[in-house]
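Q: Chain residues, written in single-letter form:
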Amino acid sequence: MKGVRHYPGFLPLTIVCLVVLYTPLIVVAVYSFNASTSITSWGGFSLRWYGEVFTGREATRFGQAAWNSITIALMAATTATVIATAAALAMVRGGPFRGRQASFALINLPLMVPEIVIAVATLIFFSTIGLKTGYLTILLAHITFCIPFAYLPIAARLEGIEGTYEQAARDLYATRAQAFRLILLPLMVPGIVSGWLLAFIISLDDFIITNFVKGAGMETLPTAIFGSVKQGIKPNIMAISTLMLLVSVLFVTAAYLINRRGRQTP
Amino acid sequence: MSTAVDIRDAVKRYGPVTALHGVSLTIADNEFFTLLGPSGCGKTTLLRLIAGFEEITSGEIRLFGQDIARLEPHQRPVNTVFQQYALFPHMSVIDNVAFGLKMKGVDPATRRARAGRMLEMVHLSQFADRLPAQLSGGQQQRVALARALAPQPRVLLLDEPLSALDLKLRQAMRVELKQLQEETGITFIFVTHDQEEALTMSDRIAVMSAGRVQQIGTAREIYEAPVNRFVADFIGETNLLQVTVEEVSEDRATVVLPGGHRITCPSASSSTGLHHLSIRPERLMISDDADLTATVERVVYLGTDLQVIAHLDGGQPITLRLQNAARVALPEPGQRIGLHLEEGGARLLAD
Amino acid sequence: MAGPGPDRPPGDATYRDLVRPLLLPSWLVIGILMVLPVALMAVYSFLTKEFRGGVIWDFTLAAYDQFFLDRGLFGDDPPRIEWTYISIFWRSIWQAGLATLLCLLIGFPTAWFIATRPARTRGLWLFLITIPYWVNLLIRTVSLRFLLRDQGPLNGALQWLGLLDSPLSIINTNLAVQIGLFYSYLPFMVLPIYAAVERYNFALSEAAADLYANRWATLREVVLPVVKPGIVAGCILVFIPSLGAFLAPDLLGGAKTFMIGSLIDEQFRGSQGNWPFGAAAAMILMSLVLIVLLIYARSQGRAPR
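Chains as they are written, first to last, in this note's numbering: chain A, 4 to 269; chain B, 223 to 573; chain C, 8 to 312.
No lab work stands behind these hints, which were simulated from the structure alone.
Just so it is clear, the structure is predicted and the values come from calculations on it, not from any experiment.
Ideal Cβ placement from N, Cα and C applies to all residues, glycine included.
Be careful, since some hints might not be right.
With the C-beta cut set under 7 Å, the calculated list includes, among others, these residues of chain C facing chain A [as the list claims (entries may be wrong)]:
id : residue
1  : Val26
2  : Pro44
3  : Gln73
4  : Leu175
5  : Ile177
6  : Ile178
7  : Leu182
Away from chain A, derived, C-beta distances all over 12 Å, residues of chain C [stated by the list, open to error]:
id : residue
8  : Thr21
9  : Asp24
10 : Phe58
11 : Asp72
12 : Ser94
13 : Cys110
14 : Phe134
15 : Thr180
16 : Arg222
17 : Ile247
18 : Ser269
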């Protein structure tokens, strides 16, 4: 007799789940410290492949790709967050209005359409209007699909903020702009930060759409890695992968901590 | 009368916390038995042990002689009416009521018929095909009752089933519950923190506090003959006076009241020395034939009653209740009054 | 598909007068960069292909004809049904369906287990599930390919344990693609189910147990129906991306494991490309997804609250 929450076998299945999710990542992280040039045999511990990432033959290519990825992700996440915050204010604090349902569907459209379809459609669009594919087209595409990822946490946060705070501020002679700047915006910050983080990681992650609209010679980190992996997995790729893994873990931890702090404040 | 539930030395620990310290009690077949106590006293834990939702740490639970302490909930012939009803939100009312029968393998026609009769009994036949969310709180309550009664359990457990209802409905449901218990002849074990509920419905009441049963008795017994300070204080209003016990014999004691008067009264104590005396406020009268003398502080008008708040000469506070009759002369604040104790109006407690 | 829905009654309307300007940026960006392109893609699927990539603006049904019908080498045989592309779609649906089922079989117990941990340790378990969710999908797929190689660590470990004599060839098979899809989208199944189980009222399970249902009857009769919205959401979140997946089939599979994503991708690569045909395949994929979403919307609309 163990209570209604207990099901025999669920713990082993949970462990299976975690083993499946983590084994490939851990194996790659371990092999990234392999001294041997062969990826098959273990030749002792070494940091040589990390050195290779920053100084090796492909260092300039990956360096440029990483720079493109990060600058695009920063701009795309920031733009998408601003657009999404405005949209959330209208959707949550705008009262009932005509086209509310349609607006909601529109904002979330990038989540509903398969990535490969977005990729094809975007490429066709840029080609039709004659915009040369490259840095700018990647950025535009990223801003678009980042909007719903930024919107969902921001709107959820805004829904949790009672209207009484703003009413109290207005009652104490604040203008609406002041009430927004001094009351609503600070309360929204945890949602805005999680929205931004999510959008940033989604942009950094994207391969399919980027691969369609990047044009020749332009690379982001995922497309550069993909190109390299097509010729076989080399140890320096494992070192880069481990570094990116580390960045993701740092991001999750940051989002987790911000979220927890956000829950403590009203 | 045969024994329905027999609990011996039930102990329940959650890690370092002990929720029940060796509870023993016997509930007769066909009895309306109430577990009464403040929140955290262990009454719900005890109920959940009987239902099988919690595993007993040590002790025995027997149901009609059979040890059920290690059985899973679905193997015990008891059913529960949950505090928030726990009606299955995705099933219609009739499917909810028929659920227990379905699980017992009763064929569809029979279970539908029996569930229908149960709904008739709680006057909800016309709502059979609704979802629980489409019913009012009182109706949901009655569905929960019908659902728990449908499999014809030998014992029905009710976990504060009326607490989610408003006052009027609560009062009506008390009558309905009591009638239902008499009609069906099923043993009811009812958990509540509301003493009025307990006093009006129960055959017997177990007053619980801090994981222990303090007293078991009929409503009259626990009100009129409380054994200790907790019971005297929890049930109704009372004055607790510190007194010196001079002599104890069987169930009576001679005590010295503050002010020096000696009285003999019923006693739950077996030792002399300092003890508490419980005096119900309505058992005190203003009289020249005084056992106690006090100074009036305030008089509170309560409509049918008057409450007089005073303090004894030694400083101990005392409250009395007078019926609001035309002939009563209102005492004034500051006035000294003599108080007469009605025969049997005071009781010496064990602590 | 979680989060604030359009049907929730809006509370305060402090920004009622600013609705239009506040929504304008998202309308413009998504309208111009997503709705318009998809409409244009629909038009492209009816155009004539140009041989060096791109299109000629002559309207034709050629792309759909090529997809569904076989008219022989010279195009003058009586049309028969062309199975090449339909079977690729069928394989994609089948693979995505199987991945969804596997994710559910592992994901539900995991979500349940985590949601029933004490509050203190629950955060840590959830954290462990969330990390892979945030790790770059390309990196994860590459790692899996590294693990599953013929001379890779998995085969090494199995041989070392004496379970295998010669390496198992997993890469380039349907099995590898299936493992890849399962592995890629498993967190997408766990998280929505977790959210549903966390809100689940366990008194319902107690009520079922009290009414003579054993553990598994309780699961079947009460738990699953009540947390169904979370399960359906999880299935959608696994099925849709699996259907159009590109990385797992491309990096783990081979010519025989071709899926829709790779088929579409190929039409836009270099001079062998066929833009109208790629657009048509994408249109068909989008219709499939739309059907799934409509079924989902229906089921959510009927769910009791």
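Q: Each hint: holds or not?
A: Hint check:
Hint status for Val26/C: holds, given a least beta-carbon distance of 4 Å to chain A, under 7 Å. The interface hint given for Pro44/C holds, since its Cβ lies 4 Å from the closest Cβ of chain A, which is under the 7 Å cut-off. Taken as an interface hint, Gln73/C does not check out: its beta carbon lies about 16 Å from the nearest beta carbon of chain A, beyond 7 Å. With a least beta-carbon distance of about 15 Å to chain A, the hint placing Leu175/C at the interface is violated under the 7 Å criterion.
At a threshold of 7 Å, the smallest CB-CB gap from Ile177/C to chain A is about 13 Å, leaving the interface hint violated. About 11 Å separates the beta-carbon of Ile178/C from the nearest beta-carbon of chain A, more than 7 Å, and the hint is not met. The restraint placing Leu182/C at the interface with chain A is violated, with a minimum CB-CB distance near 14 Å, outside the 7 Å limit. Listed as outside the interface, Thr21/C is inconsistent with that label: its C-beta sits roughly 5 Å from the nearest C-beta of chain A, within the 12 Å cut-off.
Annotated as non-interface, Asp24/C brings its C-beta within 12 Å of a C-beta of chain A; the closest such distance is 9 Å. The beta carbon of Phe58/C sits about 16 Å from the closest Cβ of chain A, which is more than 12 Å, so the claim that it is off the interface holds. Residue-level check passed: Asp72/C sits 19 Å from the nearest beta carbon of chain A, beyond 12 Å. No beta-carbon of chain A is positioned within 12 Å of the beta-carbon of Ser94/C; the least distance is around 18 Å.
A cut-off of 12 Å between C-beta atoms contradicts the statement that Cys110/C is not in contact with chain A; the least separation is 9 Å. Distance check for Phe134/C against chain A: the nearest CB is about 6 Å away, which does not clear 12 Å, and the non-interface claim fails. Distance check on Thr180/C: its Cβ is at least 17 Å (rounded) from any Cβ of chain A, clearing the 12 Å threshold; non-interface status holds. The claim that Arg222/C lies off the interface is violated: its Cβ sits roughly 6 Å from the closest Cβ of chain A, which falls inside the 12 Å cut-off.
Distance check for Ile247/C against chain A: the nearest CB is about 6 Å away, which does not clear 12 Å, and the non-interface claim fails. For Ser269/C, the requirement that its beta carbon stay farther than 12 Å from each beta carbon of chain A is not met, with the minimum near 9 Å.
The structure fails to meet hints 3, 4, 5, 6, 7, 8, 9, 13, 14, 16, 17, 18 from the earlier list, while all remaining hints are met.
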